[in-house]
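**Student:** Letter by letter, the chains look like this.
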Amino acid sequence: MNFEFTEEQLMIRDAARDFAQRELLPGVIERDEKAIYPTEQVKKLGELGFLGMLVGLDYDGGGMDTISYVLAMEEISKIDSSVSVIMSVNNSLVCWGVEKYGTEEQKQKYLKPMARGEKIGAFLLSEPEAGSDATSQRTTAVDMGDHYLLNGTKNWITSGKSASTYIVIAQTHPELKHRGINALIVEADSEGISVGPHENKMGMRASDTHSVMFNNVKVPKENLLGEEGFGFKFAMKSLEGGRIGIASQALGIASGAYELALKYAQERKTFGKEIINHQAIAFKLADMATEIEAARFFCLKAAWLKDQGKPYGHASAMAKLYAAETAMKVTTEAVQIHGGYGYVKEYHVERLMRDAKLTQIYEGTSEIQKIVISRGLVD
Amino acid sequence: MKILVCISNVPDTTTKVKFKEGDSLFDDSGVQWIINPWDELALTRAMELKEDAGNSVNEICVIHVGGASADATLRKALAIGADKAVRIDACPADAYHVAGQIAEYLKENPFDIIFSGIESSDYNGSSVGAMIAEFMDYPGISSVTSVNLDDDDIQVNRAIPGGKQVIKTETPFVAVVQKGIANEPRIPSMRGIMMARKKPLEVKPAAELEVLTESIKFELPQEKGACKMIDSESTEQLVDLLKNEAKVL
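Taken in order, these protein sequences are the chains called A and B.
Each residue of the first sequence is one higher than the one before, starting from 1 at the first, in full-length UniProt numbering.
Each residue of the second sequence is one higher than the one before, starting from 1 at the first, in full-length UniProt numbering.
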């Protein structure tokens, strides 16, 4: 085993840290409070190559490994997870799927601009009645011979409004159930698409989460991803990698809150000494540090398996479950350590606590991760 | 036109400074190394000059005098955009020694512009750039806040108390740069990081140069005393404390 990072991996971590400190920290509270989409920040993130860092160099990506991705996601999520969720979806759900299963034409047309960060991708799986139960797709993609006709509604879509390229999961052959589901690349400005209002969320308020409605939208046949009927499997495969992104995001939220709490505990005095010298606080910080380190190992293990070409679905489910639960616990404790100051916005930890909650829910709830993990135990 | 940027490898500015071996050596265990902030700005300005299509800058090389532990820092400079890196494999003794090593390299490998940060954030010697100019008999301009090229018309601004001085010069010259030379250091892009490993990092043997000084001992500054907060209305108490406790009145 080797616990050392390479020079490049460390350089990427430092670049992400510098970017987060310099570009994301200023204004993060206001963007959260007023739910302002981080347009300029995402543009700069794209220019540096973070939005397509996992895509190969041949397709204008960064050609980075997944371990580097974990390190970058952690650093960016320490400061602003509204930005890191855009980065995660673009990299590990949208670009990954097109690069892995797309045709050469699809890669040239859709992958390259997304890898360069010039266009943003969104992944449209969830529906009003198909969240955790992704097999119950109501959105239909009827085969019309030379095109698919898309109808239906998708919910909770990250980058729903800002994305130019959608990957839409839709049912083409209901009689085949999940084997009749297809994955289609859909251009967001296609006729018949309407985007619902910005969801007024509890956390990650600056990312644009929307419903997207399809009304007789024509999708060219050549925009099918993979084989006919591969859509459900495609979605599940994409989510396996997506979980590494969200697990790393949860890790970053936890470590960001922990770093703030550690600093505060060394400055704040009560009863004549810094509160870190009270065992009640010191033990909280010890638990936080230990659990964050464990979450980091989970994330890196899943990333390493993916980089080695080994199965990683089980490991990524464990990483997502553990990191999300850790994020919720650590951010709650970070607010507690800050006392009253933790409950106001300027100290950041209340925002991180609100952000942490979403990591237990999206891209597979903690309960769904337990289903994935438990099924893996007996396979 | 070729630009050489001198790079100092310095401890991260948040490093807790410790010494070892009877306080005669800096304890570098656990230290995170970074590009000296002024050198990083110099590199950024060099990149801007190269990217400006109106200029004839076609090569940026970074140079460092030191051991292999600086290679990561040099690769970061390559990731930011330098075309080539050179490390003179020597244990830097003092500014005279470092400048001498760079000058020896310059004699064999001429450059048009040599950028040096105004000081390094560790030893703060503020001497290397001027010494290189002296060794090479080049014009040396200190406190440089901007360098603009227009073919052979080179204009350099330097900060002076209360204003600036505009200087015209010719290549080759040494610019000792300070804050203002570039807005902010560049963050390496993902592609830049990947390309850095393909760029040359040459390690050159050190020249035989006399070392003129010897460092004997380091001392940390006195720790700051505890801060005493006084109510803004209590001017009498403030005067009393300044007079009788701090004894500054």
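Since the hints were derived computationally from the structure, they do not count as laboratory data.
Backbone N, C-alpha and C fix where the C-beta goes; we use that ideal spot for every residue, glycine too.
Warning: the hint list may mix true and false statements.
Unchecked claim - Not everything, but these chain B residues come out facing chain A in the computed CB check (under 8 angstroms):
#, residue
1, K50
2, K76
3, S189
4, M190
Claimed, not checked - Derived lysine-lysine pairs resembling PhoX-like cross-links, with alpha carbons at most 25 angstroms apart:
#, chain 1, residue 1, chain 2, residue 2
5, A, K370, A, K301
6, B, K179, B, K50
7, A, K329, A, K310
8, A, K177, A, K329
9, A, K263, B, K228
10, B, K217, B, K18
11, A, K273, B, K224
12, A, K269, B, K84
13, A, K370, A, K237
14, B, K179, A, K44
15, A, K233, A, K345
16, B, K18, B, K224
17, B, K50, A, K44
18, B, K18, A, K263
19, A, K34, A, K201
20, A, K237, A, K221
21, A, K109, A, K273
22, B, K228, B, K84
23, B, K228, A, K273
24, B, K179, A, K269
25, A, K357, A, K34
26, A, K221, A, K177
27, A, K100, A, K310
28, A, K269, B, K224
29, A, K201, A, K345
30, A, K357, A, K345
31, B, K50, A, K43
32, B, K168, B, K198
33, A, K112, A, K100
34, B, K247, B, K199
35, B, K16, A, K273
36, A, K263, B, K16
37, B, K224, A, K263
38, B, K198, A, K112
39, A, K100, A, K201
40, B, K198, B, K50
**Student:** Run every hint past the structure and note whether it holds.
**Tutor:** Taking the hints in turn, this is what the structure says about them:
1. Interface hint status for K50 of chain B: violated, as the beta-carbon distance to the closest one in chain A is roughly 18 angstroms, over 8 angstroms.
2. For K76 of chain B, the interface hint holds, the least distance from its beta-carbon to any beta-carbon of chain A being 6 angstroms, beneath 8 angstroms.
3. At a threshold of 8 angstroms, the smallest CB-CB gap from S189 of chain B to chain A is about 5 angstroms, leaving the interface hint in force.
4. Against a cut-off of 8 angstroms between C-beta atoms, the interface hint on M190 of chain B holds, since the closest Cβ of chain A lies about 3 angstroms away.
5. Between the alpha carbons of K370 of chain A and K301 of chain A the distance comes to roughly 18 angstroms, so the proposed pair stays at or under 25 angstroms and holds.
6. Our distance criterion of 25 angstroms between C-alpha atoms is met by K179 of chain B and K50 of chain B, whose separation comes to about 20 angstroms.
7. Of the pairs offered as hints, the one joining K329 of chain A and K310 of chain A is violated, with about 31 angstroms between alpha carbons and a cut-off of 25 angstroms exceeded.
8. This hinted pair does not check out: K177 of chain A and K329 of chain A have alpha carbons roughly 39 angstroms apart, beyond 25 angstroms.
9. For a cut-off of 25 angstroms, the pair hint linking K263 of chain A to K228 of chain B stands: about 21 angstroms separates their Cα positions.
10. Between K217 of chain B and K18 of chain B, the direct Cα distance comes to roughly 12 angstroms. Compliance with the 25 angstroms bound is thereby established for this hinted pair.
11. Annotation: proposed proximity of K273 of chain A to K224 of chain B holds, straight-line Cα distance about 18 angstroms (limit 25 angstroms).
12. Only pairs whose Cα atoms come within 25 angstroms are accepted, and K269 of chain A paired with K84 of chain B is rejected, the gap being roughly 51 angstroms.
13. Only pairs whose Cα atoms come within 25 angstroms are accepted, and K370 of chain A paired with K237 of chain A is accepted, the gap being roughly 17 angstroms.
14. At roughly 23 angstroms between alpha-carbon atoms, K179 of chain B and K44 of chain A fall within 25 angstroms of each other, so this suggested pair holds.
15. Among the hinted pairs, K233 of chain A with K345 of chain A is inconsistent with the structure: their alpha-carbon atoms are about 42 angstroms apart, more than 25 angstroms.
16. Taking the CA atoms of K18 of chain B and K224 of chain B, the gap is about 17 angstroms. The hint holds against a cut of 25 angstroms.
17. Using a Cα cut-off of 25 angstroms, the hinted pair K50 of chain B and K44 of chain A holds, with the two alpha carbons roughly 21 angstroms apart.
18. As the CA atoms of K18 of chain B and K263 of chain A are separated by approximately 21 angstroms, the hinted pair is consistent with the 25 angstroms bound.
19. At most 25 angstroms may separate the alpha-carbon atoms for a hinted pair to count; K34 of chain A and K201 of chain A meet this at roughly 11 angstroms.
20. Restraint check for K237 of chain A and K221 of chain A: the C-alpha separation of about 22 angstroms stays at or below 25 angstroms, so the hint holds.
21. Our distance criterion of 25 angstroms between C-alpha atoms is broken by K109 of chain A and K273 of chain A, whose separation comes to about 62 angstroms.
22. Between the alpha carbons of K228 of chain B and K84 of chain B the distance comes to roughly 53 angstroms, so the proposed pair goes past 25 angstroms and is violated.
23. As the CA atoms of K228 of chain B and K273 of chain A are separated by approximately 15 angstroms, the hinted pair is consistent with the 25 angstroms bound.
24. At most 25 angstroms may separate the alpha-carbon atoms for a hinted pair to count; K179 of chain B and K269 of chain A exceed this at roughly 37 angstroms.
25. For a cut-off of 25 angstroms, the pair hint linking K357 of chain A to K34 of chain A stands: about 19 angstroms separates their Cα positions.
26. Under the criterion of a C-alpha separation no larger than 25 angstroms, the hint pairing K221 of chain A with K177 of chain A is consistent with the structure, at around 21 angstroms.
27. For the given pair, K100 of chain A sits about 15 angstroms from K310 of chain A by alpha-carbon distance, which is consistent with the 25 angstroms threshold.
28. Restraint check for K269 of chain A and K224 of chain B: the C-alpha separation of about 18 angstroms stays at or below 25 angstroms, so the hint holds.
29. For the given pair, K201 of chain A sits about 16 angstroms from K345 of chain A by alpha-carbon distance, which is consistent with the 25 angstroms threshold.
30. The suggested pairing of K357 of chain A with K345 of chain A holds, with an alpha-carbon distance near 17 angstroms, which does not exceed 25 angstroms.
31. With a CA separation close to 24 angstroms, the supplied pair K50 of chain B and K43 of chain A stays within the 25 angstroms bound.
32. At most 25 angstroms may separate the alpha-carbon atoms for a hinted pair to count; K168 of chain B and K198 of chain B exceed this at roughly 37 angstroms.
33. Restraint check for K112 of chain A and K100 of chain A: satisfied, since their Cα atoms lie roughly 13 angstroms apart, inside the 25 angstroms limit.
34. A C-alpha spacing of about 60 angstroms is found between K247 of chain B and K199 of chain B, which places the hinted pair above 25 angstroms, so the restraint is violated.
35. Annotation: proposed proximity of K16 of chain B to K273 of chain A holds, straight-line Cα distance about 22 angstroms (limit 25 angstroms).
36. Distance restraint check for K263 of chain A and K16 of chain B: the Cα-Cα separation of roughly 15 angstroms lies within the 25 angstroms cut-off, and the hinted pair is therefore satisfied.
37. Between K224 of chain B and K263 of chain A the alpha-carbon distance is near 19 angstroms, which keeps this suggested pair within the 25 angstroms criterion.
38. Distance check on the hinted pair: K198 of chain B and K112 of chain A sit about 23 angstroms apart at the alpha-carbon level, within 25 angstroms; holds.
39. Of the pairs offered as hints, the one joining K100 of chain A and K201 of chain A is violated, with about 32 angstroms between alpha carbons and a cut-off of 25 angstroms exceeded.
40. Between the alpha carbons of K198 of chain B and K50 of chain B the distance comes to roughly 20 angstroms, so the proposed pair stays at or under 25 angstroms and holds.
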